[in-house]
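Line by line, the protein sequences give chains A and B.
Quick note on numbering: my numbering labels position 129 of the first sequence as 129, and the sequence is numbered without any gaps.
Convert by adding 1000 to the 1-based position in the second sequence; the result is the number in my numbering.
Keep in mind that a hint or two might mislead.
To be verified - Simulated coverage check for chain A against chain B, where a stretch passes if three residues somewhere in it have a Cβ under 8 Å from a Cβ of chain B:
| hint | region |
| --- | --- |
| 1 | 57-70 |
| 2 | 141-153 |
Claimed, not checked - Distance ranges between label pairs, derived from CB positions:
| hint | chain 1 | residue 1 | chain 2 | residue 2 | range |
| --- | --- | --- | --- | --- | --- |
| 3 | A | A127 | B | E1248 | 20 to 26 Å |
| 4 | B | Q1446 | A | H159 | 39 to 45 Å |
| 5 | A | S76 | B | A1477 | 53 to 59 Å |
| 6 | B | A1477 | A | H159 | 47 to 53 Å |
| 7 | B | P1247 | A | D120 | 44 to 50 Å |
| 8 | B | P1252 | A | N118 | 44 to 50 Å |
In short, the hints are calculated from the structure, not lab data.
Beta carbons are placed, not taken as given, at the ideal position from N, Cα and C, and that holds for glycine.
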Amino acid sequence: MIKLYDYVLSVNCYKQRLMMSILDVPYESVPVDFFPGWEHKGAEFRKINPLGHIPVIDDDGYILWDAHAILVYLASRYDPSGRWYPAGDPELLGETASWMLFAEGTTNTASAARLCVNLDYDFDLEACQAGAHRLFRVLDEHLWFHERRGLDWVCSGDHPTIADIALFPDVILSEEGGISRMDYPALRRWTDRVRRIDGFEVMPGIFPASPG
Amino acid sequence: MTADPFTMWHPVASEHDVPYRHVHHAQLLGLELAVWRADDDFVNVWENRCLHRGVRLSIGSNDGTELRCQYHGWRYANRSAGCTYIPAHPADAPARTICNRTFPSVERYGLVWSGEEPVGDPPTIDALEAGAPFGLRNLPVNASVELTVRHLEAHRFSPNGQLDEEPEMSVDRVEDYSVALTARAGGSQSTAVFFVQPVDSARCMVRGVLSETPPAGEQLAVWRHHATGLNQLRVAIEAEAASQPAPEPMVPVLQQVPVHLAEIPDAPSGRQAALRVLVHRKWETADGVAAFELAPLEGVLPTFQPGAHIDVHLPNGLVRQYSITNGPGETSYYRLGVKLEPESTGGSSCLHETVREGDVLAISEPRNNFPLRRDSNRTILLAGGIGITPLLAMAQSLDRMRLGFELHCFAQSAEHIAFADVVEGLGPSVVRHLGLSPSETVSEIQRLVAGYENYSNLYVCGPGPMLEAVRREAAAAGWPDEAVHFEYFKNTTEIDDSSTFEVALARSALTVTVPPGATILEVLREHGVAMPSSCEQGACGTCVATVLDGEPHHQDVYLNDSEHRAGDRIMTCVSRSVSDRLVLDL
């Protein structure tokens, strides 16, 4: 069974739990004392990931770190339909890669702001918040135009991709970092759609959506 | 700025912001709003704050009929915003006064208009009346309305069909919160009205509407053209705003706890008919059963919960109680079912024969003495004949909340089941028991109540003999009294009013004597003690009083056997005293 080195309040770990829940992949969560113990920065944990961060998965001896890389692996290995990671469709795959990189941006702004507020990280909070607003404006407009074309997801296929999973936690928890989503109504509607995906799972701070 | 913005209509959402089952997060003049469309297309505009702990309702969930707060699950009804259920108090009916602050809403030009205290109607724009208005993408701007309007006056765009051409612009109209522009090029012209929603002192939302809808194949290009142009405009507006000192944010006036909630209210005395309603529709819903839809003459009907009833004051002077059969969120009318009783003493026959569509009736506000718990593992609803009416409201609520239930309809035949279409819509949760003899009914009840398990609840409404059978068989099968909830149509007990006793009112410091032939309720009223009542025959539970001392002589059918034995509550309309003196908490 997959082992997930996990912390319940981490958005990047939640991305993996969400993906495995949707793909119905059984896994074992190995709790890491991320806060306040900083266990992931300790010598023992660095034997698993020398970079000293989580999540890390151990799939029967195959070790992989970096949240968005793990999503690529999970979807490629455990989604027989090939739709979560659309490797067979060059255009859709390109879009997926592009929005995964965009999600690095939301993680480094919106989710970083959340770490400042919740866990006293020493980042420039105002810069994180302003950066998140810049990205959310772009994403909201993108999703608004997708809605006009009858498209529900971040990429232009008719099925969600790992890009939706990579972005969703950064967006839905943004208010914990003091980033209101009031100005991004299309982004708010997309969070409803993600929360209605079969197999959707919550984490603290995330609530299920009403039935559609 | 000339006009008072608080008395004006402003857009707070666009049509595409309020799809079904979504809650839009808006702000107007510093005040946050939760805006949501119910399945009946009513758009609710509420202050964005749960009355309980102040959590934003915009993170709540819209199930099409009610908005549920994410924090503790309080549910609020479509239209009235009244609270219908509090999960922490599953056995109680929330007070009708628990009601969110609502604002008016009107849909016009693809926008939802609202305001704090708007006067008159939303603005009428000639350019948008003529054609088919076409909504553009909204543009949130971090700048004041004044600055944004000033920039919009100089805004440029190309007309539909000529998007690549350099336009000739004319300013049609500039007002405090809107700018109308017309673009001409290559023989085409387009008019756009940009409404500016005042979000806060330094934030606004530009909602553009074109007077003409372009052909389907060109719409995306038109949207893109305007989005690109408005994005550029925003860069300029925000650059200028950033160079100026930021104004202080607006301080919204939040709803205060209303006086009627902060003070102990005067208890209403007697049977109140606070509402006037129009018989909007009357039809035969089953053999011998007339259905009525009662609509408000103005405004919104008070919130009801499943199990609630109203008093109907009939033209012939009689007062009768009828259950509200509506599902959750069906708040534009009260729907009743009235069976014509062969031995009618004037109630059901009056409704069947005299009352017609278009008549105005006086009714009480809804009262819920038959509340529905939503924390059961198993809920069994047993309906005998017209007794289906309160259970139908319950079944629809449980169905909407995706809580399992069984609705057993006992009736002479399928033609005798009232609101058969609604019953049908409840699908496989409904079991029909048709044409059973009294003894067959009892065996069926025995079968249905067999095997009590914890966290089960049984609700029954129907004729007296059926209720007696259910209560008896449920008790025999191990159901505790508190899990068996019943509502009688009427009290068939022969009332013994021959005793004489004293009633002492502990809080009022008043002692009165109840003589033979008079009820406690009557004597209290004679002495000026305000008491609410409804059926006045010991069936509905409205005139309940708490007993502090003395032994009541119960003659009602509202309380169950354990409650009778406990002796701490009394129905003042029929019950009396075994002891010489009864002390009530009044």
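Kindly indicate which numbered hints from before are broken by the structure, ordering the numbers from low to high. Numbers 1, 4, 7 and 8, in rising order.
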